[in-house]
Amino acid sequence: MYSPHGWRCVALIVLLMQCDALHAHPLQLSLTQIEYADSDSRLSVSLRLFLMDVNEALVFDPDSTELAFCQPNESPDAEPMLLAYLNEVFFIKVNGQRMDLNIERKHLTGSGIDVALVVEMSQSLAPPLSSLEIKNTVFTDLFPGQTNIVYVHVNGDNQSLMLNKKTPTHVMQF
Amino acid sequence: MQQVLFYLQLGFEHICDRAALDHLLFLVALCAIYRLQQWKHILVLVTAFTIGHSITLAMVALGGLTIPSQLIEFLIPTTIVFVAINNVVSQSAATMKMGRNYAMALFFGLIHGTGFSNYFRALLMDSSAVVMPLLGFNLGIELGQLFVVSVIVVVAFICLNVLNVRQRDWNVFVSGAAFGVGVTMMMDTWPW
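Just so you know, the protein sequences line up as chains A and B, in that order.
The number in my numbering is simply the position in the first sequence, starting from 1, with 427 added.
The number in my numbering is simply the position in the second sequence, starting from 1, with 2 added.
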C-alpha cells in the first residue's frame with residue numbers, strides 16, 4: 428500500500444545507520460574554577476576533566492587503563508604527561524605573568540562513563556589581582572563541540588565563561 | 003543574574019545542539035502527526051513534555067533521585083522508537099487518543115529530564131548552589147524547545163501545504179526516519 432514511500436524510508440534508515448554522528452551525545456565539556464581572595468593571598472585553580480577525554484588526549488584510547496590516574500598503580504608518567512598536555516592547551520596569566528602549573532592534589536569523581544579527574548593547583552599571590560587572562564583549549568582538537576566552562580570567583584565577584592575552539596581566551600580586569 | 007543568563011544559554015544551546023539529536027528527534031516524532039492548524043494540540047503536548055522533564059531535572063539536580071547514566075542513554079532513544087511506532091499505528095492526529103498522547107509526552111518527559119539532569123550536573127563545580135543555575139538551565143531548555151518545535155512546525159507546513167505532501171506520507175516518512183535513528187541509538191547504548 429505504501430511501498431514506494433516505505434522503500435524511501437528504508438533507504439533513509441539504512442543511510443542514517445551509517446552515520447557516526449547519531450550516537451548518543453557525550454558530554455563534551457570541562458570545568459575550571461578559579462578562586463582568589465585578597466585576604467587569602469592565594470590563587471586556587473581546579474580543573475575537572477572527564478577521564479575518558481584525558482585518556483583520549485594522552486594515550487589516544489578513551490578506555491585505556493595504562494595511566495591509571497589516582498589508582499594505587501598509577502603510572503609514573505601519568506602526571507608529567509597530563510602537565511605537558513595542560514601546558515600546551517591551558518594557561519592563566521595573573522597580572523600579565525603566566526602561572527606555573529603544579530598539581531597539588533588530584534582525585535576521581537563520578538561513576539561509569541562520567542568519571543572525572545579533578546586536578547587542583549594553587550599559587551600565592553600578593554594583592555592586588557588586577558587582571559586575569561585565561562586560555563582553555565582542553566580537548567578542542569579532539570572534539571570540535573568541546574566547551575570549556577570557567578567559573579571565576581575573585582573577591583566575592585563571580586563570573587562564568589564559556590571557552591571553546593572559536594573563543595579560546597578571555598581577559599578579565601579587576 | 004549573570005549566572006541565570008549563563009545557564010539559560012547553556013540550556014538553550016544544549017537542546018539546539020546537533021549533539022542533542024536524541025531530544026530533537028523525540029520532539030520531531032512527537033509533532034509528526036500534527037499540522038500547523040493544530041497548534042493548540044502541539045502546545046499542550048509540548049507543555050506535558052516540559053512538565054515531565056522539569057520534574058526529573060529538578061529531582062536529580064537537587065539530589066533526590068539517582069539513575070545510572072547508561073540506563074538513561076538507552077531509555078531516551080526507546081521513547082523515540084515508541085512515539086514513532088505510535089504515530090504510524092495511530093495513523094493521524096484525528097484517530098489518536100489525545101489523553102493517551104499527553105500522558106505519553108508527560109511520562110517520556112520524565113525520562114528526558116533525567117538526560118538533561120545528567121548534563122546539568124556535569125556543569126556544576128560546586129553542587130551546593132543549584133537553584134539559580136537550575137532555573138536558568140531549565141528556562142534555556144524551554145526556550146530551545148520552543149525554537150525547535152517552531153522550526154519543525156514550519157517545515158511540516160511547507161511540506162504539507164506548499165509541496166502538497168499527504169499527511170499520511172509525511173507521518174510515515176518522519177516517523178520511519180525517527181524509528182531508524184532511534185533503533186540505532188538503542189543498539190549503541192544497550193546497557194546490558
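Bear in mind the hints are in silico, worked out from the structure with no lab data behind them.
Among the hints, erroneous ones may be present.
To be verified - Sample of chain B residues at the chain A side, in silico, Cβ under 7 Å:
{"#": "1", "residue": "C18"}
{"#": "2", "residue": "T68"}
{"#": "3", "residue": "S71"}
{"#": "4", "residue": "A124"}
{"#": "5", "residue": "M127"}
{"#": "6", "residue": "A131"}
{"#": "7", "residue": "F159"}
Values in this document were obtained by computation on a predicted structure and should not be read as measured data.
Beta carbons are placed, not taken as given, at the ideal position from N, Cα and C, and that holds for glycine.
Verification of the supplied hints:
The interface hint given for C18 (chain B) is broken, as the beta carbon of that residue sits about 12 Å from the closest beta carbon of chain A, more than 7 Å. Interface hint at T68 (chain B): violated, since its Cβ lies 10 Å from the closest Cβ of chain A, which is beyond the 7 Å cut-off. For S71 (chain B), the interface hint holds, since its Cβ comes within 7 Å of a Cβ in chain A; the closest pair sits about 6 Å apart. Nearest Cβ of chain A to the Cβ of A124 (chain B): about 5 Å, under the 7 Å cut. The hint holds.
For M127 (chain B), the interface hint holds, since its Cβ comes within 7 Å of a Cβ in chain A; the closest pair sits about 5 Å apart. The closest approach between the C-beta of A131 (chain B) and any C-beta of chain A is roughly 10 Å, which is over the 7 Å cut-off, so the hint fails. A cut of 7 Å between beta carbons decides the hint on F159 (chain B): the least distance to chain A is about 20 Å, and the hint is violated.
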